[in-house]
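Chemist: Letter by letter, the chains look like this.
2 protein chains.
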Amino acid sequence: MEYKNELRRFIQEELHQYLSHVSVDLTIFGFHDGQLKVLLLRWKGSDDWSLPGGRIHRDENLDAAAYRSLQERTGLREIYLQQFHTFGEVERYKNFSRQETAVRLGIPADLHGELFRRDVSVGYFALVEFAEVTPTPDRFTDECRWWEVAGVPPLLFDHNDMIRLALKTLRQQLSYQPVGYNLLPEKFTMPELQRLYETILGKPLDRRNFQKQMLAYGLLERLEERKTGGAHKAPFLYRFDREKYGKALEEGI
Amino acid sequence: MEYKNELRRFIQEELHQYLSHVSVDLTIFGFHDGQLKVLLLRWKGSDDWSLPGGRIHRDENLDAAAYRSLQERTGLREIYLQQFHTFGEVERYKNFSRQETAVRLGIPADLHGELFRRDVSVGYFALVEFAEVTPTPDRFTDECRWWEVAGVPPLLFDHNDMIRLALKTLRQQLSYQPVGYNLLPEKFTMPELQRLYETILGKPLDRRNFQKQMLAYGLLERLEERKTGGAHKAPFLYRFDREKYGKALEEGI
DNA sequence: TTCCTATTGTGTAATGAATACACATTAAGA
DNA sequence: TCTTAATGTGTATTCATTACACAATAGGAA
Numbered sequence: 001m002e003y004k005n006e007l008r009r010f011i012q013e014e015l016h017q018y019l020s021h022v023s024v025d026l027t028i029f030g031f032h033d034g035q036l037k038v039l040l041l042r043w044k045g046s047d048d049w050s051l052p053g054g055r056i057h058r059d060e061n062l063d064a065a066a067y068r069s070l071q072e073r074t075g076l077r078e079i080y081l082q083q084f085h086t087f088g089e090v091e092r093y094k095n096f097s098r099q100e101t102a103v104r105l106g107i108p109a110d111l112h113g114e115l116f117r118r119d120v121s122v123g124y125f126a127l128v129e130f131a132e133v134t135p136t137p138d139r140f141t142d143e144c145r146w147w148e149v150a151g152v153p154p155l156l157f158d159h160n161d162m163i164r165l166a167l168k169t170l171r172q173q174l175s176y177q178p179v180g181y182n183l184l185p186e187k188f189t190m191p192e193l194q195r196l197y198e199t200i201l202g203k204p205l206d207r208r209n210f211q212k213q214m215l216a217y218g219l220l221e222r223l224e225e226r227k228t229g230g231a232h233k234a235p236f237l238y239r240f241d242r243e244k245y246g247k248a249l250e251e252g253i
Numbered sequence: 001m002e003y004k005n006e007l008r009r010f011i012q013e014e015l016h017q018y019l020s021h022v023s024v025d026l027t028i029f030g031f032h033d034g035q036l037k038v039l040l041l042r043w044k045g046s047d048d049w050s051l052p053g054g055r056i057h058r059d060e061n062l063d064a065a066a067y068r069s070l071q072e073r074t075g076l077r078e079i080y081l082q083q084f085h086t087f088g089e090v091e092r093y094k095n096f097s098r099q100e101t102a103v104r105l106g107i108p109a110d111l112h113g114e115l116f117r118r119d120v121s122v123g124y125f126a127l128v129e130f131a132e133v134t135p136t137p138d139r140f141t142d143e144c145r146w147w148e149v150a151g152v153p154p155l156l157f158d159h160n161d162m163i164r165l166a167l168k169t170l171r172q173q174l175s176y177q178p179v180g181y182n183l184l185p186e187k188f189t190m191p192e193l194q195r196l197y198e199t200i201l202g203k204p205l206d207r208r209n210f211q212k213q214m215l216a217y218g219l220l221e222r223l224e225e226r227k228t229g230g231a232h233k234a235p236f237l238y239r240f241d242r243e244k245y246g247k248a249l250e251e252g253i
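Protein chains in written order, with our numbering: chain A, 1 to 253; chain B, 1 to 253.
I should point out that these hints are in silico values taken from the structure, not numbers from a laboratory.
Some hints could be false.
Claimed, not checked - Take a look, some chain A residues computed to stay more than 12 Å from chain B by CB distance:
| id | residue |
| --- | --- |
| 1 | Leu7 |
| 2 | Gln71 |
| 3 | Asn95 |
| 4 | Phe96 |
| 5 | Asp119 |
| 6 | Pro154 |
| 7 | Arg164 |
| 8 | Leu170 |
| 9 | Phe210 |
| 10 | Ala216 |
| 11 | Arg222 |
| 12 | Gly229 |
| 13 | Arg242 |
| 14 | Gly246 |
Said to hold, decoys possible - Covered stretches of chain B, going by a simulated chain A footprint (3 or more residues, C-beta under 8 Å):
| id | segment |
| --- | --- |
| 15 | 58 to 64 |
| 16 | 76 to 87 |
| 17 | 106 to 113 |
Glycine residues also receive a C-beta, built at the ideal position from the N, C-alpha and C atoms.
Using the sequences provided together with the hints, build the complete structure.
Modeler: Written as structure tokens, this is what we have:
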């Protein structure tokens with residue numbers, strides 16, 4: 001009985017003070033023009049940018065909240081999305097202080113307290129095909145567009161850290177998971193795939209060894225077609241074997 | 001102005017409904033008797049077990065909450081602790097339903113609604129030295145003790161999943177991070193280290209190749225002493241070079 | 001005290017993966 | 001038609017991983 005009273009007291013008197021806002025934030029990577037890009041939102045009436053994201057609804061799985069956000073911002077479905085870290089520092093204000101952030105977001109002064117209750121954010125990253133995306137702002141933002149990863153400005157909250165960690169995670173995964181299915185068009189050339197890898201890794205790779213390794217994974221199918229229009233020898237087109245690719249994602253390579 | 005009103009409406013009317021309970025749950029691994037163990041808690045007046053964990057306080061960093069829990073349950077400080085996944089399914093009840101869980105925990109019926117607001121849990125795992133731990137229950141539990149990982153019973157919530165994923169993460173990390181510093185005593189033998197690796201990986205390793213590889217990492221210092229008392233040839237004692245070990249944890253091996 | 005046994009200490013050969021590198025081919029443009 | 005810059009392909013080298021054998025020794029048995 002003693003215990004039941006303790007439990008009752010805890011639930012009634014203590015539990016509520018631990019309530020937090022939980023949101024998901026998305027680092028959406030795209031690849032275009034030989035550059036790795038990330039999708040950012042500009043807040044209404046300001047020049048401040050942040051990652052897309054949103055609150056998690058009460059009856060919604062965490063992953064579902066991330067998918068919903070992704071779909072709303074890009075129009076895409078069935079995309080590779082992966083949780084990589086949860087950010088729960090008390091002070092998640094890096095480039096701009098809490099006060100400054102509130103002002104920049106145009107939050108009325110009397111609401112600062114409520115808004116800035118403890119906020120925990122679960123970081124996801126996605127790899128999407130640049131050309132398929134229709135960047136769409138949400139109700140708090142004016143603009144949604146791609147930024148080159150290397151040229152991202154100082155963002156609100158700790159979003160620069162998020163992008164950095166997402167990229168680090170992606171780079172590590174490159175060694176034991178395939179990448180490219182959602183980042184490249186259906187049909188692509190070996191040099192295009194190589195440039196994607198080089199961009200993610202941030203270093204040049206040997207053309208011949210790269211091809212050897214990619215083919216050794218057994219996920220690529222070479223088509224009869226070649227890509228014409230370039231100024232030089234026409235490269236073959238490839239596409240991923242979707243089934244094998246999915247399996248490699250699950251089991252590693 | 002339109003935007004400010006929208007923002008005000010959102011903060012005042014919508015935001016509160018997204019509030020969640022955020023907790024941390026710990027998978028604390030220990031190594032003893034050639035077996036990998038995990039620390040579990042038994043709830044008061046029941047036979048039900050769960051992982052240790054706790055609420056994150058309003059002014060507390062996420063990592064700090066995990067460290068606090070770890071310290072309270074084990075008495076240890078300065079331990080390797082790592083976030084590995086955040087669990088945010090709406091229904092995190094696996095072996096026992098939500099209703100059943102409430103009954104088993106002895107939660108008064110009128111409080112079920114409040115307690116079972118959306119709960120997001122950030123999973124951490126820790127590697128600790130078995131002999132140094134003083135297992136300590138918390139105020140809701142009667143007993144805190146080690147269980148062999150392979151013999152863990154059906155736990156409350158999704159805690160079996162957590163242990164499974166923690167172990168999977170640990171296994172993967174074994175290939176690019178050193179392990180052992182906090183799981184073994186200060187001085188240990190090569191066979192002891194090997195048994196630790198074999199236990200985590202769940203497969204036998206070649207004794208000679210194992211030694212070669214461990215020494216190649218350059219993190220071990222061989223002492224003059226040997227471990228006597230065993231029935232056979234006395235093995236050398238080793239210890240980790242703490243500085244190099246920490247560096248390898250950061251940068252990988 | 002001596003012998004036996006299980007375990008430790010060490011090194012080398014074989015295999016496979018990653019890396020370094022060279023030359024022939026070809027589409028577009030001059 | 002020729003030039004250019006890129007693509008297609010194969011081989012030698014290096015490095016890491018794996019497979020495997022024999023000498024040394026502490027404790028326990030005889």
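Chemist: All hints are to be evaluated individually against the structure, with a verdict given for each.
Modeler: Hints and how they fare:
1. Leu7: The claim is violated: A:Leu7 sits with its nearest Cβ about 6 Å from chain B, within 12 Å.
2. Gln71: The claim holds: A:Gln71 sits with its nearest Cβ about 18 Å from chain B, beyond 12 Å.
3. Asn95: 19 Å, holds
4. Phe96: Fine: 17 Å to the nearest Cβ keeps A:Phe96 off the interface.
5. Asp119: 10 Å, violated
6. Pro154: The claim stands: A:Pro154 keeps its Cβ more than 12 Å from every Cβ of chain B (closest is about 22 Å).
7. Arg164: 15 Å, holds
8. Leu170: 16 Å, holds
9. Phe210: 22 Å, holds
10. Ala216: 20 Å, holds
11. Arg222: Given a closest Cβ separation of 32 Å, the condition holds.
12. Gly229: The assertion about A:Gly229 holds, with a minimum of 42 Å to chain B.
13. Arg242: 25 Å, holds
14. Gly246: Nearest chain B Cβ is 19 Å from A:Gly246, so the label holds.
15. 58 to 64: holds (count 6)
16. 76 to 87: holds (count 4)
17. 106 to 113: holds (count 4)
Consistency note: the structure conflicts with the earlier hints numbered 1 and 5.
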